[in-house]
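Undergrad: Sequence:
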Amino acid sequence: MEASPNSQNNIEPSERQNTELQRKTLIEILQNLQEFSFQEEKRKIDTKSSFQVKKDRRQMDSVGGSVNKRDYGIMPPWNEMCRMMRVAFCVVFLMPDLSSENSLKMYACIKFLAPVQDIIHVRHFVHPPNVEIKWLISVVHSQIVTQTDLNSIADNLIVKVDVIRNYDNGSLHLIKVTFNNKASKSLSGYNWKIYFYSFFIVEPSHILSKDGLYTKPDGYTLPNVNLKLMHENGCLFSMSPTSEFIGLPHNEKREITFSAALWAISKTDFPPNWYMTANGLNARVISSTKADFVGEFTSEKQWKRKKADKYDPYSPSVRYHRYKTTNSNVQQIVVIPTPKEITNQDHTKLLDVSGNVTIVHNGMDEEAKFITDKYNFDIGKTASTSGVNIYLFINNSISSSEGYTLSVNPSARCVTISGKTNTGVFYGVQSLLSLLSQGNNLQQMEIRDEPRYEFRGMYVDVSRNFVSKTVLEKLMDAMAMYKLNKLHLHLADDEGWRIEIQGLPELTQIGSKRCHSERDGICLIPQLGSGPDTSTSGSGFYSIQEYKDILSYAKKCHIEVIPEIDTPGHARAAIIAMEARYRKYKNTNVTKAVKYRLIDPNDTSKYLTNQLFNDNAVNPCIESTYVFIEKVVSELKAMHTEAGHPLNIYHFGGDEVAKTAWVNSTKCDQLNFNFSGDAASIRNELKNYFTQRVANITFTHGLNMAGWEDGFNAGDGMPFDISMYQNQHIYSNAWDNVWEWGEARRAYNYANAGYKV
Numbered sequence: 001m002e003a004s005p006n007s008q009n010n011i012e013p014s015e016r017q018n019t020e021l022q023r024k025t026l027i028e029i030l031q032n033l034q035e036f037s038f039q040e041e042k043r044k045i046d047t048k049s050s051f052q053v054k055k056d057r058r059q060m061d062s063v064g065g066s067v068n069k070r071d072y073g074i075m076p077p078w079n080e081m082c083r084m085m086r087v088a089f090c091v092v093f094l095m096p097d098l099s100s101e102n103s104l105k106m107y108a109c110i111k112f113l114a115p116v117q118d119i120i121h122v123r124h125f126v127h128p129p130n131v132e133i134k135w136l137i138s139v140v141h142s143q144i145v146t147q148t149d150l151n152s153i154a155d156n157l158i159v160k161v162d163v164i165r166n167y168d169n170g171s172l173h174l175i176k177v178t179f180n181n182k183a184s185k186s187l188s189g190y191n192w193k194i195y196f197y198s199f200f201i202v203e204p205s206h207i208l209s210k211d212g213l214y215t216k217p218d219g220y221t222l223p224n225v226n227l228k229l230m231h232e233n234g235c236l237f238s239m240s241p242t243s244e245f246i247g248l249p250h251n252e253k254r255e256i257t258f259s260a261a262l263w264a265i266s267k268t269d270f271p272p273n274w275y276m277t278a279n280g281l282n283a284r285v286i287s288s289t290k291a292d293f294v295g296e297f298t299s300e301k302q303w304k305r306k307k308a309d310k311y312d313p314y315s316p317s318v319r320y321h322r323y324k325t326t327n328s329n330v331q332q333i334v335v336i337p338t339p340k341e342i343t344n345q346d347h348t349k350l351l352d353v354s355g356n357v358t359i360v361h362n363g364m365d366e367e368a369k370f371i372t373d374k375y376n377f378d379i380g381k382t383a384s385t386s387g388v389n390i391y392l393f394i395n396n397s398i399s400s401s402e403g404y405t406l407s408v409n410p411s412a413r414c415v416t417i418s419g420k421t422n423t424g425v426f427y428g429v430q431s432l433l434s435l436l437s438q439g440n441n442l443q444q445m446e447i448r449d450e451p452r453y454e455f456r457g458m459y460v461d462v463s464r465n466f467v468s469k470t471v472l473e474k475l476m477d478a479m480a481m482y483k484l485n486k487l488h489l490h491l492a493d494d495e496g497w498r499i500e501i502q503g504l505p506e507l508t509q510i511g512s513k514r515c516h517s518e519r520d521g522i523c524l525i526p527q528l529g530s531g532p533d534t535s536t537s538g539s540g541f542y543s544i545q546e547y548k549d550i551l552s553y554a555k556k557c558h559i560e561v562i563p564e565i566d567t568p569g570h571a572r573a574a575i576i577a578m579e580a581r582y583r584k585y586k587n588t589n590v591t592k593a594v595k596y597r598l599i600d601p602n603d604t605s606k607y608l609t610n611q612l613f614n615d616n617a618v619n620p621c622i623e624s625t626y627v628f629i630e631k632v633v634s635e636l637k638a639m640h641t642e643a644g645h646p647l648n649i650y651h652f653g654g655d656e657v658a659k660t661a662w663v664n665s666t667k668c669d670q671l672n673f674n675f676s677g678d679a680a681s682i683r684n685e686l687k688n689y690f691t692q693r694v695a696n697i698t699f700t701h702g703l704n705m706a707g708w709e710d711g712f713n714a715g716d717g718m719p720f721d722i723s724m725y726q727n728q729h730i731y732s733n734a735w736d737n738v739w740e741w742g743e744a745r746r747a748y749n750y751a752n753a754g755y756k757v
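Sequential numbering of the sequence shown, starting at 1, is according to UniProt numbering.
Take these hints with a grain of salt, some might be off.
What the hints assert, rightly or not - Taking lysine-lysine and the DSBU-like style, the derived pairs with C-alpha atoms no more than 35 Å apart in a straight line are:
{"hint": "1", "residue 1": "Lys483", "residue 2": "Lys555"}
{"hint": "2", "residue 1": "Lys228", "residue 2": "Lys304"}
{"hint": "3", "residue 1": "Lys606", "residue 2": "Lys176"}
{"hint": "4", "residue 1": "Lys307", "residue 2": "Lys659"}
{"hint": "5", "residue 1": "Lys301", "residue 2": "Lys659"}
{"hint": "6", "residue 1": "Lys483", "residue 2": "Lys374"}
{"hint": "7", "residue 1": "Lys483", "residue 2": "Lys586"}
Source of the hints: derived by calculation from the structure; they are not laboratory data.
Using the sequences plus the hints, can you model the full thing?
TA: What follows is the structure in structure tokens.
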């Protein structure tokens, strides 16, 4: 059979190259294919059986092999061959062998789908043209061949996800996924995959190992639908067809159900941007999953996490009555947070600031500029005699370094703001801006205010979802308005590395990107709905200059930036990047290759983190780990110094290290720790060692150290002895403090032990 006359004209160059590669792959397979071995289970040939197919008298190019006429079985080598080949489908059939009265000859017709429509010519075996093909042995679908086909299905496959119920068997939730194929092409074949995201292990009783330390590499095939579920890593899962999968034709629906651990009570429990791939083709987002593809939660079975759960979502009626307010004629002073003291208030005495206003100050340019950026006021060193004056000055009699006073005096036609420091004056300016936002007439009042809490922070995780410098600057404007003074930037985690480090380009070349790639060392795998390419918030980083710009802006807003590089757990982005660096230099400069390496290659430990990663813990027993941390800390400190925003606190993370992360590390064995107890005890002892080493690094740089509270956890919610650390202050962010889990005491334990909580 010859190719269609115009078939090659419609093939793009990349597809034509794919076709040639497929042909060569098939030739190689067939050249190595020896005699066929049949399955033990035989089926008797009957000329009236369901295997009979249409007669075909056409002469065909084929590959033959003889079998006995009476017995035969479906041949694994052919099925396997067709799965390995990137072809549309493989038809294996029987024909009479004219050279023997009682035998049949086995033939295979390997054929592409449109637009190729061509039989691959491998070997030239011509049988007599008048011989009938009588029995079909198997039809093996192999792949959606062209990029066009894949694009069409990704654009037109309608996916809907519904939670059937939570607390299934006490600790599971049941999910229904509906596929509706609106593409003109059937969804069939072998080698495609659909990737999706789940915060919890799917089918845990089948995919998890018995000890719960790892997921099974062969996944789990859902019965009846013949789709295999696989855990890739982290929250990324995939589903792919088995050889028994029945295609999904145009305009047909198919439902699949599977379980996942714990619960799903909100649409946000199902990240968007599922995507589809096929061997050698570009991955494509399934368009229907970009936005609203999760069904409504309409029953208790869907929104309650357990039978004792008291939560019920508010109805519109309940919301209305809860937020209903009555109008008041009393003019409210809206300053957030509410000032400590407001006196001498008289709403009948007003100061009109709609005309000529002058800001008078000495050495407070930045504070004054915050006002003039929003209002067309003048700045001068002398007061205006005809208009309204706003005075900014230092008052050493104020007790708190961040305290301020603000006075509105209509009779003197002035506003006076004083503070113990420039920071106090700045907060007074923020209160004035809040008053000005309510109109041009300021009522008479006096405000005395100071912060209730020394640490008033905002935590921003840019590792999991990156945001630009501009977004952070807008956030800092809002923080300033609310008088928040600490910006905790989570710059590195499993899902991304977001800060350029001089001399370690792999951290941002690889560690800052999430994408689907069949090659190592290109990017991190997609997570959290980031999709298969680098165009989403899953990718991005701050250059050295951008980070210094952020620091400069923070200084103007009187905000301290606290950078966090999460270690020893939550470090997959750094590990993947440093492994790429290792591979780059290992053949030319071994010393350079291992200098910043973060893993023990001989460590056979198996583990699974709370975020379902199996490779995210740096090894605390190799010196190169601390060389890496020293490098990062020194570079961060240099950036802060150059930006005029000195680094004071380095946050090392420390949280959620898997219990069995290092139990089989040969490097840890060589340190001769006197381990005793279970895996958790071993982890805690190594974590203690790691924490002290990092604390020593930060101390030599004159820094305080911070970490998540479980990073300092010696066991049973009690912290490591703080006297082990030389730093002036150790900060503990107590996040694991759920009362129902018995963890509410942790913050008190740490505070009583001398940690700043």
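Undergrad: For every hint, state whether the structure bears it out.
TA: We went through each hint and held it up to the structure:
1. Lys483 / Lys555: 13 Å, holds
2. Lys228 / Lys304: 29 Å, holds
3. Lys606 / Lys176: 31 Å, holds
4. Lys307 / Lys659: Answer holds: Lys307 to Lys659 is near 30 Å, not above 35 Å.
5. Lys301 / Lys659: 33 Å, holds
6. Lys483 / Lys374: Cα-Cα ~18 Å, so holds.
7. Lys483 / Lys586: Not OK: Lys483 and Lys586 at ~51 Å, beyond 35 Å, violated.
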